[in-house]
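Single-letter residue listing:
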Amino acid sequence: MITFEGVTKRYPDGTVAVDDLSLQAPTGAITVFVGPSGCGKTTSLRMINRMIDATSGRILLDDQDVRAIDPPTLRRGIGYVIQQAGLFPHRKIVDNVATVPYLLGWDKKKARARAMELLELVGLDSKLAGRYPFQLSGGQQQRVGVARALAADPPVLLMDEPFSAVDPIVRASLQEELLHLQSELHKTIVFVTHDIDEAIKLGDAVAVLRVGGRLAQMADPATLLSEPADDFVREFLGKDRGIRRLSFVPATGIRLGSVPADLELDEDTRPLGWRSDGGLLPYGTFNPERDSLRAALDAALLSPNGTAIAVDGDGRAIGVATRDVLDEALARHGTRPEKRVPDPDREVPASDPRRAES
Amino acid sequence: MITFEGVTKRYPDGTVAVDDLSLQAPTGAITVFVGPSGCGKTTSLRMINRMIDATSGRILLDDQDVRAIDPPTLRRGIGYVIQQAGLFPHRKIVDNVATVPYLLGWDKKKARARAMELLELVGLDSKLAGRYPFQLSGGQQQRVGVARALAADPPVLLMDEPFSAVDPIVRASLQEELLHLQSELHKTIVFVTHDIDEAIKLGDAVAVLRVGGRLAQMADPATLLSEPADDFVREFLGKDRGIRRLSFVPATGIRLGSVPADLELDEDTRPLGWRSDGGLLPYGTFNPERDSLRAALDAALLSPNGTAIAVDGDGRAIGVATRDVLDEALARHGTRPEKRVPDPDREVPASDPRRAES
Amino acid sequence: GGSDPLTSATPSNAPASSGGTSAKVVVGSFNFPESILLGSIYAQALQAKGVTVEEKPNIGTREVVYDQVKSGGLTVVPEYIGSLLAFVDKTSTAKTKDEIVAGLQAKLPAELGVLDPSEAQDNNSLTVTKDTAAKDKLTTIEDLAKVSKNFVVGGPPEFKERQEQNFKDVYGMEFKEWKPTGDTTADAIKSGTIQVGNVFTTDPKIVLNDLVSLQDTKNAFGSDNVTPLVYKAGVDDTVTSTLNAVSAKLTTDTLLSLMKQISVDKADPPVVAKDWLTQNGLL
Amino acid sequence: MNDEPLVRWDWIARNWDNGGPSAIRTLLESHVVMALLPVVFGLLIALPLGVACARWRRLYQPTAGLMNVVYSLPSLVLFSIFLSFTGLTQSTVIIPLTLFTLAILIPAVVDGLGSVPEHVRQSAVAMGFRPLRRLLQVELPVAVPVVLGGLRVATVSSISLVSVGALIGQGGLGNLFIDGWQRQFPTPIVVGIVLIVLFAILSDGLLVLAQRLLTPWSRARRSAA
Amino acid sequence: MNWLIDFFGTAANWSGSDGIPVRILEHLEFSAAAFLIAALIAVPLGLLIGHTGRGGFIVVVTANAARALPTLGLLVLVVLLIGVGTVLPVLIPLVVLAVPPILVNTYEGVRGVDADLRDAAYGMGLRGRQVLFRVLTPSALPLILLGLRLSAIQVVSTASVAAFVGLGGLGRFIIDGLATKTYSDVIGGAVLIALLALAVQLGFTVLDRVVVSPGVRQVR
Ligand SMILES: Nc1ncnc2c1ncn2[C@@H]1O[C@H](COP(=O)(O)OP(=O)(O)OP(=O)(O)O)[C@@H](O)[C@H]1O
Ligand SMILES: Nc1ncnc2c1ncn2[C@@H]1O[C@H](COP(=O)(O)OP(=O)(O)OP(=O)(O)O)[C@@H](O)[C@H]1O
Ligand SMILES: [Mg+2]
Ligand SMILES: [Mg+2]
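Chains as they are written, first to last, in my numbering: chain U, 1 to 358; chain G, 1001 to 1358; chain P, 2001 to 2283; chain A, 3001 to 3225; chain V, 4001 to 4220.
Among the clues, some could well be false.
[Unchecked claim] Only pairs whose alpha carbons sit at most 20 angstroms apart, straight line, appear in this in silico SDA-like list of lysine to any residue:
# : chain 1 : residue 1 : chain 2 : residue 2
1 : P       : K2024     : P       : K2095
2 : U       : K239      : G       : P1282
3 : P       : K2176     : P       : G2192
4 : P       : K2024     : A       : Q3090
5 : P       : K2260     : A       : R3008
In short, the hints are calculated from the structure, not lab data.
Using the sequences and the hints given, assemble the complete structure.
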């Protein structure tokens, strides 16, 4: 648990970057700081590992004031990932990852073994270990950055816009990777971004900051979407709040009807299309075990008759949700999505995204 | 009209960047090339203004083979905008914009007057004219880049990921700006991006390329979303295809009911919330004149009772769309959204986005 | 000038003890080939007698070298008695060899001494081209003094300072301009940049370039016999007797022929020195 | 001017190693010492000074100004000034050349440290490096390409400048220039120039090699830049 | 200080054909001539090679080797080969000295211009030559000027070797002062040379202000 107690940062030039900030980042959860440029996200983050010292107020790491800890020692226990990865250009990937273990005086072999393990964990081929950073793509470098931050198994991870320099496709995969990692590691993560979609996708709790470094709202993403505290937050959340918060409602609750006759199936009962005069019409599918209500709605909208086809993990049709059933589900959960709570004890299989994110 | 006729580009090292590409970019429309990294978008674009020469095949600009035109002359008639703006650091903004007019031998006063006009057109304060590029933010530089490309009023504009270096918020505003400009200028634009959302937002026609430089599908965005040609395109389009294509259906067609009694209004008949025991509940609104079906659906999902409130331009409630009405509209338009056709003759007022984009 | 930085020199290789054969003898030379040759002759002769020798050839002008000897940084340097006296006693009027040696003994500081002068002389001279000599009918410096106001004179940089007053005193001679031409003096005379130049009488370029040295009828330059200048504390009897034996064999003609080998035939000073020493039984 | 050939090969053969103080080999050896020691000393001094200048920027302006003045002094002047202090020793050449080297190396070290990307520095801090260790293990290694670039220029200049020392009797191969000049004899001059250039190219080549070996991580960047 | 007073305070030092003003003029004469020749050779060559990208490696290697050419050695060799009497023998070594910094900096300057900028320029329809002179050169100007400045300072300081072969210039005070151990002259000459170098430095600072676009200056 990281606690901000009335923290204020005033830079020597008079800029108040963070103003009386009080909040808690729960242990084992991802807390996202989000807000427009210059709202003090980076400053807040860097006060945790004392890259910047607060002007007033306290920051507690599990009840211990960070000010009481010698900064290098404090920092070795906190992973830190930044936008440009900040890899050491002169060290091979494996040694980059082993940096903190070396600092902590691990023996070289052990440190390297640990590094190799981490490279695998973040999904990098072990043959990249002997390369230098310039030989890696931006996305690979970011992965190395994450591995490096994890090397000494710190309980806390600070991430400052770690994915904002890579292209959207790679970015999405890095986000997935992070969620997947977190499902195994249960770190206490503070994540900074200015992208509200990323915040909602990743955050167990989202703190929206406004310029001047004041907290506008802190809530879990679903609550944030349904109940923005004020116009600033509403504006910041942007369009599609209603649709987006369906992402937090699992599709498991939907009452499925039996597969209707006009749905053409192949021999494995995988759907092929809706029969019609002009041939087969397009259809949409969702997996009630894994997907959210949003995916179900999308599937319904892709079918001409508004009926979403439920499929299992192998793509076999297991039932349908008609528009009426869907409407009912939407009415039931639409306005009050279940709160998501971080559940550090639940182990999620690697192949399975932890969330009901569509 | 720009026509690719069996165009192939093989680099000296043997890489085939573009393979037998045939397509047409219609006059007065925005044609977007989209596809994963390395699929030959840039190469295709640059063959149009002969920054790169095709290995075989022809590119026609209004029936004239570009190979028949001296490259510098050709290029002066084609605006070109790139990611990093490529502004000349040693020239003031106004002179940057006036580059091509100067090249064409315009007199200095006229060229500068034209530059000032363009700066205004792209939404830049005229007091920036005397600055140097380093004194501008990334977004402002991109705007200058666009202004510069437009300076000699070329009929054709080539844009290579022009907005990908700026942050998402600025990016969105640049996209709006481009649509707005295009609604006034009706250029023939070829726009390259690897972001499918951007492609769908901006394109009148979208060409999806696959690695190896082959065309996977070319269609207007709505068709693309409803009828992806194959798995590659479907994969590339990503999730929410059903919801996203609602963006292309205007909300005008929805039958509105009268404002129900349990909706609390202020004295100006602006909605305040749904009455309930626990106080006012959240609500969602849409503007049937301007918004799409997607916005209406979103509004419905924000209301506890699934009813979307229709408001006018001033935010006054003018009716409601109940879930049933909405379902009906969705059923009617859901699967076959109207095709969007570029309509160069229709003048759209500046304050009004041209599209039914939610 | 102001305070003199060279006097504060504290050379690292000053002899540790005064006298004694165990000490290393440092043989230096001026920055012209003849001096380098003489230095090499001294050094090899001493080496043959088992003296430990270090050579530092080609150091610089007398102004620089003198102080190094005085402070013990150099032990032996081939000198020219007339020029040396003029250097230590600007007012001296001594002209003959004996006068000069007497003058030196009186004026040299206690730590320095000269050994027996050799017969070999290498006088400074004023030299002109054959054409100039013919045109103005010049054979002596006296002849030159009559026309010298029209002439530009050149020589090593130190030439003006040393000789300007001397010429006035002895010949009443003044020049139109003094140009420091250094090692290019002979070429400068030939190319006409200067009309008169200060060239050593043993310089082979005089012959090579068809130049004429004017006779120093009034002995303005004085006798310039070659002799070793020594740092007294650094030399013992072996050194002294060896060098005196060398000087006894050196003549002006010897010097001229040796210098011709070096400058014209491009033979190397150490080799020339060695050959000569061998021929004269000094090795 | 006359029939003197540009190079008399037999002279070279005779004088390569004639045992005397003016043997080409001896001169070459002293040239190497007088050229390379300043570079070594210069590097040893420039590293701490450069680090200090990079750390306290206001120190840099005056230091750089002073170095500019030193650099604009003719080397002969510095040599002769030091002649009065260090006499006819190699130090008279080595000390001034060390100063010249500093004029090149201090900016190189400052620029080198400046070339360390801020995000690399920051992530070192964030990982818990203490300042000295950060300097030694991160900042200086990353600065190596730029510092080596300066070192190359310094080495080559130093090798070339030693020859001026011949004017005060300590010039290594430069003595060949004076010798050849006084005897109107091109051979020693040519030999001196050729040996100096060869020595410089060799040293430069070794430095390039060192750079390759020390900084495999910047090879691509260099060829791309 | 005494030396400076001796040197600058002696009226005789200020007049005549070997007075300070004449020496300064002579010094400037060969420095300027050598510098201009070097600039005329190196700037166009650097621009061309930087622009076409051909032969860049050779240039950098040769330039570094050329830095190693000892000025004194070249000077005496040239004098031996072509004789004294003109300034030519001094110009050759000085030009050799002055070319490498200009060439390398010009080349690096042009080559270092952002590839996107080049791209944008061609994309707008500038022809090769226009790209070079209107875009690359102005952008590379700070580096080109840096090369010119370094070179000019080296030339001014090294031009003193002219005195060694009997030519004039401020080197006379140094060489003659050394020969006659007149330290005031040596120091005086050195101070004058340092002042000239300082003036060159200042001149280039001013030039930089005037010719380099503020847009480019700030980027660096
Ligand atoms: N060292 C500093 N000195 C003075 N002001 C600073 C300093 N660092 C940051 N600021 C100011 O403090 C405010 C907050 O900065 P901070 O970097 O924390 O913002 P941010 O939310 O991370 O912004 P971004 O999204 O652009 O990274 C800004 O107004 C910034 O200009
Ligand atoms: N000059 C070149 N020589 C050789 N291959 C090249 C060259 N330029 C591009 N390519 C290759 O051609 C292919 C297409 O390149 P292109 O730049 O057109 O892709 P792109 O779609 O624009 O990619 P991105 O989204 O990364 O910009 C790639 O495989 C690329 O590596
Ligand atoms: Mg930040
Ligand atoms: Mg591209």
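Hints, one by one, checked against the model:
Taken as a hint, the P/K2024 and P/K2095 pair is broken in the structure, with Cα atoms around 35 angstroms apart against an allowance of 20 angstroms. For the suggested pair U/K239 and G/P1282, the alpha carbons sit about 15 angstroms apart, so the restraint of at most 20 angstroms is met. Note on P/K2176 and P/G2192: the hinted pairing holds, with a Cα-Cα distance of about 14 angstroms set against a maximum of 20 angstroms. Between P/K2024 and A/Q3090 the CA atoms are separated by roughly 18 angstroms; this keeps the pair inside 20 angstroms, and the hint holds.
Straight-line distance between C-alpha atoms of P/K2260 and A/R3008 comes to about 17 angstroms, which keeps the hinted pair within the 20 angstroms bound.
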